[in-house]
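Start counting the sequence shown at 1; every next residue gets the next number (the numbering used here).
No lab work stands behind these hints, which were simulated from the structure alone.
Everything numeric in this text was worked out from a predicted model, so none of it was measured.
Among the hints, erroneous ones may be present.
[Stated by the list, open to error] 25 Å max Cα-Cα, derived DSS-like pairs, lysine-lysine:
(1) Lys231 x Lys79
(2) Lys127 x Lys232
(3) Lys236 x Lys101
(4) Lys128 x Lys236
(5) Lys101 x Lys228
(6) Lys232 x Lys79
(7) Lys133 x Lys73
(8) Lys142 x Lys127
(9) Lys142 x Lys79
(10) Lys79 x Lys128
(11) Lys228 x Lys133
(12) Lys127 x Lys79
(13) Lys133 x Lys231
(14) Lys79 x Lys133
(15) Lys133 x Lys236
(16) Lys73 x Lys232
(17) Lys142 x Lys252
(18) Lys232 x Lys133
(19) Lys73 x Lys252
[As the list claims (entries may be wrong)] Label pairs and their in silico Cβ distance ranges:
(20) Asp132 x Gly107: 36 to 44 Å
(21) Phe124 x Met203: 22 to 30 Å
(22) Tyr209 x Gly43: 17 to 25 Å
(23) Ile241 x Glu106: 24 to 32 Å
(24) Gln129 x Ala4: 43 to 51 Å
(25) Met203 x Glu105: 18 to 26 Å
(26) Arg72 x Phe102: 15 to 23 Å
(27) Tyr37 x Lys236: 25 to 33 Å
(28) Phe102 x Tyr37: 19 to 27 Å
(29) Ile221 x Pro134: 27 to 35 Å
(30) Tyr209 x Ala248: 43 to 51 Å
(31) Pro40 x Tyr209: 14 to 22 Å
(32) Leu202 x Ile257: 23 to 31 Å
(33) Gly43 x Gly87: 15 to 23 Å
Think of the CB as a built atom: it goes at the ideal place given N, C-alpha and C, for glycine as much as any other residue.
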Amino acid sequence: MDLAWIITIFLIGFVGSYVSGMLGIGGSIIKYPMLLYIPPLLGFAAFSAHEVSGISAVQVFFASIAGVWAYRKGGYLNKSLIIYMGGAILVGSFVGSYGSKFLSEEGVNIVYGVLALIAAVMMFIPKKQIDDKPLDEVTFNKPLAAILAFIVGIGSGIVGAAGGFLLVPIMLVVLGIPTRMTIATSLAITFISSIGGTIGKLMTGQVDYYPALIMIVASLIAAPLGAKAGKKLNTKVLQAILAVLILATAIKIWMDIL
């Protein structure tokens, strides 16, 4: 466990958590492939897919709560959305994370690849004038929101990703939630989701505590900084960054699977 290894893990956590705070995702869309590929590329021991998903689950818990804290003012948090989608995703993520121990390494990667592909396609669907709505007049289909959140929870629980990268396109495209409200609210829902995911991973012994601790420290520093940057960026720019990130990750994962 030398200094270079510690710095590498810290920087992976920092970059992922900065993007997490800025775009309203848990950050696993970036951290999962980074943890999987960067350490062996630099000559360190590789993490298994199960270890990566365990570390990601714990780290997302801290990154999302730090991001929510940064967004707590300004009316961006939609409490009704948090209750409906948060409750459903919590149950789904626990089911998925507990069930992931029955999947092979390749099975975990395939689930991740499928989720990333769906999210990438959704991000490129044209969005109606969602950002013209006043935040206090936002409405949504509650049963649909709960069902979709439950499905996202199962898939994201399997890969330890908390599902933020899938929640954002669902909230933007399917539910028609304004971009900044989507970013802030999805961080809160991602935090709730990560509770179920973290408990499931800890119960099944899939968490490597030392790198997880380094990532937690990085996330507590980086997520609020990302949230601060996200408030200043144009909403179209935020959507474009997220779309490119998700697409790049989907391509990389599927290249390795195939």
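Against the structure, the hints:
Annotation: proposed proximity of Lys231 to Lys79 holds, straight-line Cα distance about 19 Å (limit 25 Å). About 21 Å separates the Cα atoms of Lys127 and Lys232, which keeps this hinted pair within 25 Å; it holds. The straight-line distance between the Cα atoms of Lys236 and Lys101 is roughly 39 Å, outside the 25 Å bound, and the hint therefore fails. Straight-line distance between C-alpha atoms of Lys128 and Lys236 comes to about 12 Å, which keeps the hinted pair within the 25 Å bound.
Using a Cα cut-off of 25 Å, the hinted pair Lys101 and Lys228 is violated, with the two alpha carbons roughly 37 Å apart. Proposed proximity of Lys232 and Lys79 is supported: the alpha carbons are some 23 Å apart, at most 25 Å. The hinted pair formed by Lys133 and Lys73 meets the criterion: a straight-line CA distance of about 18 Å does not exceed 25 Å. A threshold of 25 Å between alpha carbons decides the hint, and for Lys142 with Lys127 the separation of about 20 Å falls inside it, so the pair holds.
For the given pair, Lys142 sits about 12 Å from Lys79 by alpha-carbon distance, which is consistent with the 25 Å threshold. Of the supplied pair hints, the one linking Lys79 and Lys128 holds, its CA atoms being roughly 23 Å apart against a limit of 25 Å. Distance check on the hinted pair: Lys228 and Lys133 sit about 22 Å apart at the alpha-carbon level, within 25 Å; holds. This hinted pair checks out: Lys127 and Lys79 have alpha carbons roughly 23 Å apart, not beyond 25 Å.
The suggested pairing of Lys133 with Lys231 holds, with an alpha-carbon distance near 17 Å, which does not exceed 25 Å. Note on Lys79 and Lys133: the hinted pairing holds, with a Cα-Cα distance of about 17 Å set against a maximum of 25 Å. Restraint check: the Cα-Cα separation between Lys133 and Lys236 comes to about 15 Å, which is no more than 25 Å; the hinted pair holds. Among the hinted pairs, Lys73 with Lys232 is consistent with the structure: their alpha-carbon atoms are about 15 Å apart, no more than 25 Å.
Restraint check for Lys142 and Lys252: not satisfied, since their Cα atoms lie roughly 34 Å apart, outside the 25 Å limit. Distance hint between Lys232 and Lys133 is fulfilled; the C-alpha atoms sit about 19 Å from each other, no more than 25 Å. With a CA separation close to 37 Å, the supplied pair Lys73 and Lys252 exceeds the 25 Å bound. Checked against the given bound of 36 to 44 Å, the beta carbons of Asp132 and Gly107, roughly 43 Å apart, stay inside it.
Here the CB-CB span from Phe124 to Met203 is close to 37 Å, at odds with the stated 22 to 30 Å. Tyr209 and Gly43 have their C-beta atoms about 23 Å apart, which keeps the hinted 17 to 25 Å range intact. A hinted range of 24 to 32 Å holds for the C-beta pair Ile241 and Glu106, which are about 30 Å apart. With their beta carbons about 49 Å apart, Gln129 and Ala4 fall inside the hinted range of 43 to 51 Å.
A hinted range of 18 to 26 Å for the beta carbons of Met203 and Glu105 is consistent with their spacing of about 20 Å. The hinted window of 15 to 23 Å between Arg72 and Phe102 is violated, with their beta carbons roughly 38 Å apart. At roughly 30 Å, the beta carbons of Tyr37 and Lys236 sit within the given window of 25 to 33 Å. The hint said 19 to 27 Å for the Cβ distance between Phe102 and Tyr37, and at roughly 25 Å that hint holds.
A hinted range of 27 to 35 Å holds for the C-beta pair Ile221 and Pro134, which are about 34 Å apart. The supplied range of 43 to 51 Å is broken by Tyr209 and Ala248, whose beta-carbon atoms lie about 30 Å from each other. With their beta carbons about 20 Å apart, Pro40 and Tyr209 fall inside the hinted range of 14 to 22 Å. In this structure the supplied range 23 to 31 Å holds for Leu202 paired with Ile257, their Cβ-Cβ distance being about 27 Å.
Taking 15 to 23 Å as the suggested C-beta distance range, the pair Gly43 and Gly87 does not conform, at roughly 44 Å.
Consistency with the previously given hints fails for numbers 3, 5, 17, 19, 21, 26, 30 and 33, ordered from lowest to highest.
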